[in-house]
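A.B. asks: Spelled out, the chains give:
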Amino acid sequence: MENEYLRRDEHEKLYLKLYEILKNKIEKGEWSVGDQIPTESELCKQYEVSRVTVRNAIAELVRQGFIRRIQGKGTFVSKKVISDKFSVVLNLKEIMMESGSFATKVLAKTVIMPTEDLIEKLEVSENTHVIFIKRLCFFNNEPVILQYSYIPYYYCPRIMDEDLEKNFLIDIIDKVCKINITTIHNYIGIDTLKEDEIQMLGCQGLPHAIMLEQFYYSYRRKVYYTKTLKKHDNIKLFVELILS
Amino acid sequence: MREEKKVRELMVGVFNYPHIPYWFTIRQAIAIMKKSFIDNEKAIFPHVIFVFNEKYDLLGTLTPYEIIRGLEPKIKQFQVKDAEVVYIDENSLAEVEAGLFLSEAKNLCERPVSEVMVPAKLFISPNATVTKAAFLMIHHKLSVLPVIENNKFVGVVKMMDLFNEISKLIIEEE
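As given, the protein sequences belong to chains S and D, one line each in that order.
For the first sequence, counting from 1, position 101 maps to 93 in our numbering; every step adds exactly one.
For the second sequence, counting from 1, position 55 maps to 61 in our numbering; every step adds exactly one.
These aren't lab readings, by the way, just hints derived from the structure by calculation.
Where hints are given, some of them may not hold.
[Claimed, not checked] Which residues of chain S face chain D? A few of them, derived with a C-beta cut under 7 Å, are:
#1 96
#2 100
#3 101
#4 102
#5 103
#6 104
#7 114
#8 118
#9 121
From the three backbone atoms N, C-alpha and C, an ideal C-beta is built for every residue, glycine too.
Just need the whole structure built from these sequences, with the hints factored in.
C.D. replies: What follows is the structure, encoded as structure tokens:
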């Protein structure tokens, strides 16, 4: 087991690191289709981590389709599943950090009741209070990105008092609300801007925008949802995908 | 006479009630009213929705009364406004009846709630007395009175709780 150890500088993401290690084994063919993977307690011993960490890493592998559990027999490497969904990991935080000349303005920060589509998207009951945040991002003083975020109020009432122009929402959720975001599901599409959105973004005559819908999860729990709209202009979004 | 209660002891938290932004339509407000109060067993009275702006300041309140008033066809609204006296003849009433559930009400449904809500102009401090709250509410026909502390909307006083409190004072005096 040389060169396989877990660095513990970021304790909360331990299970994701274990997930990466195990995923690598499958991808490199070290564990091939149909192989039984070691039991939870074997993995605990091998990587010197807690059972919870192993369990979470396994759960993530199952969810991503790399392995499957067979009741009473064990956990096996499954056939390679090719997803029909184009998925990349990206969020506004990274987009903004890439360039220093971004500025953010909070246009709205209020509490609302979820409308029909939000009930579905956030998987909340219809009488849940939801924090609604609307932000406009400027690049060289030009409005470029419009972002709507929706977070159930009970997860993090303190967001209402936080500065969302200088801080990233994901950081507030993590540090203030102590919710560890582990996965972000992203859907990319094209959206037609509404009249008020066209005005805010100043893109008369170009009503189409790139739409990025993101669902933020803490383990299995859906925490919040954002919809990001980038207007049709010559500014490109840069996304770096680091392959382990 | 025992010491009078303060608003702080009587008020209920703002999160007992639904919140919406002022640009929600009447249609959306109706849906929320129905889900939060009518279809929900935990519903509390009065049926009030709070209307906020982008900065999360309270702009107004909305009850079924304002919603229905907002759906009232325009014909009748003008008559009432111009005539000062409320005079409803059978014909204009028939028009209203016909209009309510037909096309006009459907169009009116798309208006923003800010046009029909009761604007929040009166507030009370949590340290004020219950009597003061009662006076404000009866003089302005409010079903709830917003409580403000350090410029923050912290709760509301409900008419029924005031009634209960005042009734205790009266009955115990006897």
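A.B. asks: Confirm or reject each hint.
C.D. replies: Right, here's what the structure says about each hint:
Restraint check, residue 96 of chain S versus chain D: the minimum CB separation of about 15 Å is more than 7 Å; hint violated. A distance limit of 7 Å between C-beta atoms decides the matter here; for residue 100 of chain S the minimum to chain D is near 4 Å, and the interface restraint holds. Here the hint on residue 101 of chain S is kept, as its CB sits about 6 Å from the closest CB of chain D, short of 7 Å. Taken as an interface hint, residue 102 of chain S checks out: its beta carbon lies about 5 Å from the nearest beta carbon of chain D, inside 7 Å.
Using the Cβ-Cβ criterion of 7 Å, the hint placing residue 103 of chain S at the interface with chain D is satisfied: the shortest such distance is roughly 4 Å. Taking 7 Å as the C-beta contact cut-off toward chain D, the hint placing residue 104 of chain S at the interface holds, the least distance being around 6 Å. At its closest, the beta carbon of residue 114 of chain S sits 15 Å from a beta carbon of chain D; the interface hint therefore is violated under the 7 Å criterion. Residue-level restraint check for residue 118 of chain S holds (minimum Cβ-Cβ distance to chain D is 4 Å; threshold 7 Å).
Hint status for residue 121 of chain S: holds, given a least beta-carbon distance of 6 Å to chain D, under 7 Å.
Violation of the numbered hints given earlier is confined to hints 1, 7; the remaining hints are satisfied by the structure.
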